[in-house]
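Participant: One-letter residues, chain by chain:
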Amino acid sequence: MAKRITDNITWVGKTDWELKMFHGNELSTRRGSSYNAYLLRGASKTVLIDTVWGPYDREFVARLKQEIDLTQIDAVIMQHNESDHSGALVELMRAIPGTPIYCTAKGEAIIRGHYHQDWNFVKVKTGDKLDLGGGESLTFIEAPMLHWPDTMFSYYDGCGGILFSNDGFGQHYASESLFNDEVPEAEMMAEAEKYYANILAPFCPMVTRKVKEILAMNLPLALICPSHGVIWRKDPGKIIEKYILWADAYAENQVTIVYDTMWNSTRRMAEAIARGITSAAPGTAVKLFNAAKEDKNDILTEIFHSRAVIAGSPTINNGYSYAMAGLMEMVKGMKLKKKVGAAFGSFGWSGEAVKQLSALLAEAGITVVDEGIRTPWVPDETALAACEEYGREFARKIQ
Amino acid sequence: MQKYVCNVCGYEYDPAVGDPDNGIAPGTSFEDLPADWVCPMCGVGKEDFSPAE
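Going line by line, the protein sequences match chains A and B. Everything in the first sequence is counted per the working numbering, starting at 515 for the first residue and increasing by one. Everything in the second sequence is counted per the working numbering, starting at 489 for the first residue and increasing by one.
The following block holds chain A by itself, in its conformation from the complex (with noise of 0.2 Å):
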């Protein structure tokens, strides 16, 4: 069902409730998720900016249908060609075959990759202006990296000055409501970090440089239309000073310890290396969570939020468990800057896993504050008093 959103602009995505997973099984979705397509309907001009996931290519017509007559659509403005919002297109273009899709030169090259198809492209770049009528213009913004090298965002004029971000400031969670001030706002603001540290993290200094960028255009901005979740309407300025903090070796003052554990002896260590931090830093967060039970990328989110991060695991066939390697290497994709960590763990009777962790860690550019500590067997008291003495040094060494 198309929603308006402002007289000449109306919403034409897809709400996915049913959306838990994204990116194959890369990415959980635990609240859904949102297909944002928008009608925007100029003077002399219309045109829709991006579609939607491939599964709904047939809804998104017909609906769009019920809209506009598909003709009248002057131009199909494609901000970012990953399937979920080029996935439409082959459904839509069959409709308007001849009608010009304005894209980045990378956006082009990416389309004709996935759909193969001789549409009729037009290569647009920064600054490049699409004229609607009466005085207003779509102002193209690239944005490589933000989060593939095909993104763009879309500035039009009109309305008090509306930015379309595609993935930036997006947020997987689905909502029957449009804007951020008619949904529960913390909810919605951990899918926004979440998106952020499991998405965008990897490109900060992209990040960086493209808000300061439009920053300084001093555009007037009444609304910033993402490609995902909800429209920012309450405070669009809020999110964009969230990604200047996010941006800038993000860290707040908690520690995430991370583990696996087989018969909860490196599940004892974790907690009591957690007494010792507290005890030692009693301001300090301190969130435990196994990685094997854990969904992955809430403990990434957490990771991200923090300062530092502990990681265990008990050694197994002379490595470490499965679950912390498949954690460790998506921890070492997000490329976080000015993290502190080490390892820990139990064995039986070789025990590398923990210099294994401490490599890993070192490799993912956390810096490694000492050698970590191991147990052999089960803890016994003193072995746990031990691993409190750690966390309380490990607090102190990360002051």
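Errors might be hidden in some of the hints.
Once the Cα atoms are required to be at most 27 Å apart in a straight line, the calculated DSSO-like pairs of lysine-lysine come out as [as the list claims (entries may be wrong)]:
(1) A:K639 x B:K534
(2) B:K491 x A:K639
(3) A:K851 x B:K491
(4) B:K491 x A:K849
(5) A:K801 x A:K851
(6) B:K534 x A:K846
(7) A:K639 x A:K726
(8) A:K534 x A:K726
No wet-lab data here; the hints were simulated from the structure.
Position chain B relative to chain A; hints supplied.
Facilitator: Same frame as chain A, now just chain B:
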């Protein structure tokens, strides 16, 4: 010194800044970057860079 831009993602290599996160000291010219250096943003090699305008 000449700056270079990544053709894939738009990252700009500025010799004055270098790429300290990946062991490249400030003042290292693009030509002096090791052959296996890759774009810190998107991961493509030196051959995918062009001189900045």
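Participant: Hint compliance check: list the failing hint numbers for this structure, sorted ascending.
Facilitator: 8
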